[in-house]
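S.K.: Sequence:
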Amino acid sequence: MTLPKNLAPALALLALSLPVLASSGEERQQSFKKILRTFEPMGLVARDRAPYRKDEFIKQADTLKQIAATPFTLFTPNSIDAKSRAKPEIWSQPEKFKAAQQKFLTAVNDLDAAAKTGDIANIKRSYGVVAQSCKSCHDSFRGPEK
Numbered sequence: 001m002t003l004p005k006n007l008a009p010a011l012a013l014l015a016l017s018l019p020v021l022a023s024s025g026e027e028r029q030q031s032f033k034k035i036l037r038t039f040e041p042m043g044l045v046a047r048d049r050a051p052y053r054k055d056e057f058i059k060q061a062d063t064l065k066q067i068a069a070t071p072f073t074l075f076t077p078n079s080i081d082a083k084s085r086a087k088p089e090i091w092s093q094p095e096k097f098k099a100a101q102q103k104f105l106t107a108v109n110d111l112d113a114a115a116k117t118g119d120i121a122n123i124k125r126s127y128g129v130v131a132q133s134c135k136s137c138h139d140s141f142r143g144p145e146k
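Numbered by our numbering, the letters in the sequence shown go through residues 1 to 146 in order.
Just so you know, the hints here were simulated from the structure itself, not pulled from any lab data. Source: prediction; values computed, not measured. C-beta atoms are modelled at their ideal positions from N, C-alpha and C, and glycine is treated no differently. It cannot be assumed that every hint is accurate.
[Said to hold, decoys possible] Ranges of calculated distance between the beta carbons of each label pair, as one might list FRET restraints:
no., residue 1, residue 2, range
1, 56, 88, 38 to 48 Å
2, 51, 143, 28 to 38 Å
3, 122, 92, 35 to 45 Å
4, 30, 91, 14 to 24 Å
5, 93, 122, 16 to 26 Å
[What the hints assert, rightly or not] In silico EDC-like cross-links for lysine to aspartate or glutamate, where the CA-CA straight-line distance does not exceed 20 Å:
no., residue 1, residue 2
6, 54, 95
7, 103, 62
8, 87, 26
9, 135, 40
10, 103, 139
11, 65, 110
12, 54, 110
13, 59, 48
14, 98, 110
15, 87, 139
16, 135, 95
17, 103, 48
18, 65, 112
19, 124, 62
20, 83, 139
21, 124, 48
22, 103, 81
23, 146, 62
All chains should be built: construct the whole structure from the sequences, respecting the hints.
M.R.: And the structure:
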């Protein structure tokens, strides 16, 4: 079978671009790293390792709230790749995974609300709840480093 002359270059270009396209696993990791880059500066404040600046903290909390749900949309079936640390339990125990996701999103919303109050004790407590929700989910659904 021969391809029309104008179709062959298009298919070749598509084939060359495929390795550049990120897999769901890679996209997911990048999305979680974006969360970490937003969350960790707040942790420095919560652990008294950086000064508390209310406006800056509110901005970080708002950003975290906006991006928090994104990685969970990327847990598509068959998206475990060579880099992925996702455990199969994500798909075999979807109710448990959804509950962990909801716990995280609720904690993020609570941190965002606490940030707006300026009550540093409440902010620290709320930060700790978010951190614990991350750890709990990782313990259940994230495998060891590869």
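S.K.: Evaluate each hint against the coordinates.
M.R.: Now for the hints, and whether the structure bears them out:
1. Remark: the range hint 38 to 48 Å for residue 56 to residue 88 is upheld by a beta-carbon distance near 40 Å.
2. Distance hint for residue 51 and residue 143: a CB-CB separation of about 37 Å, consistent with the stated range 28 to 38 Å.
3. As the Cβ distance of residue 122 to residue 92 is approximately 37 Å, the hint placing it in 35 to 45 Å holds.
4. Taken as a hint, the range 14 to 24 Å holds for the pair residue 30 and residue 91, whose Cβ atoms sit roughly 21 Å apart.
5. A C-beta distance of roughly 33 Å is found between residue 93 and residue 122, which places it outside the suggested range of 16 to 26 Å.
6. This hinted pair does not check out: residue 54 and residue 95 have alpha carbons roughly 37 Å apart, beyond 20 Å.
7. A C-alpha spacing of about 18 Å is found between residue 103 and residue 62, which places the hinted pair at or below 20 Å, so the restraint holds.
8. Of the pairs offered as hints, the one joining residue 87 and residue 26 holds, with about 15 Å between alpha carbons and a cut-off of 20 Å not exceeded.
9. Distance check on the hinted pair: residue 135 and residue 40 sit about 14 Å apart at the alpha-carbon level, within 20 Å; holds.
10. With a CA separation close to 14 Å, the supplied pair residue 103 and residue 139 stays within the 20 Å bound.
11. Distance check on the hinted pair: residue 65 and residue 110 sit about 10 Å apart at the alpha-carbon level, within 20 Å; holds.
12. In summary, the hint linking residue 54 to residue 110 is supported, as the alpha carbons are separated by about 16 Å, within the 20 Å threshold.
13. At most 20 Å may separate the alpha-carbon atoms for a hinted pair to count; residue 59 and residue 48 meet this at roughly 18 Å.
14. Straight-line distance between C-alpha atoms of residue 98 and residue 110 comes to about 18 Å, which keeps the hinted pair within the 20 Å bound.
15. Distance hint between residue 87 and residue 139 is fulfilled; the C-alpha atoms sit about 10 Å from each other, no more than 20 Å.
16. Between the alpha carbons of residue 135 and residue 95 the distance comes to roughly 18 Å, so the proposed pair stays at or under 20 Å and holds.
17. Proximity of residue 103 to residue 48 is assessed by CA-CA distance (about 25 Å); at most 20 Å being required, the pair is judged violated.
18. Restraint check for residue 65 and residue 112: the C-alpha separation of about 7 Å stays at or below 20 Å, so the hint holds.
19. Taking the CA atoms of residue 124 and residue 62, the gap is near 16 Å; set against the 20 Å cutoff, the hint holds.
20. Distance hint between residue 83 and residue 139 is fulfilled; the C-alpha atoms sit about 18 Å from each other, no more than 20 Å.
21. Of the supplied pair hints, the one linking residue 124 and residue 48 holds, its CA atoms being roughly 10 Å apart against a limit of 20 Å.
22. Restraint check for residue 103 and residue 81: the C-alpha separation of about 26 Å exceeds 20 Å, so the hint is violated.
23. This hinted pair does not check out: residue 146 and residue 62 have alpha carbons roughly 32 Å apart, beyond 20 Å.
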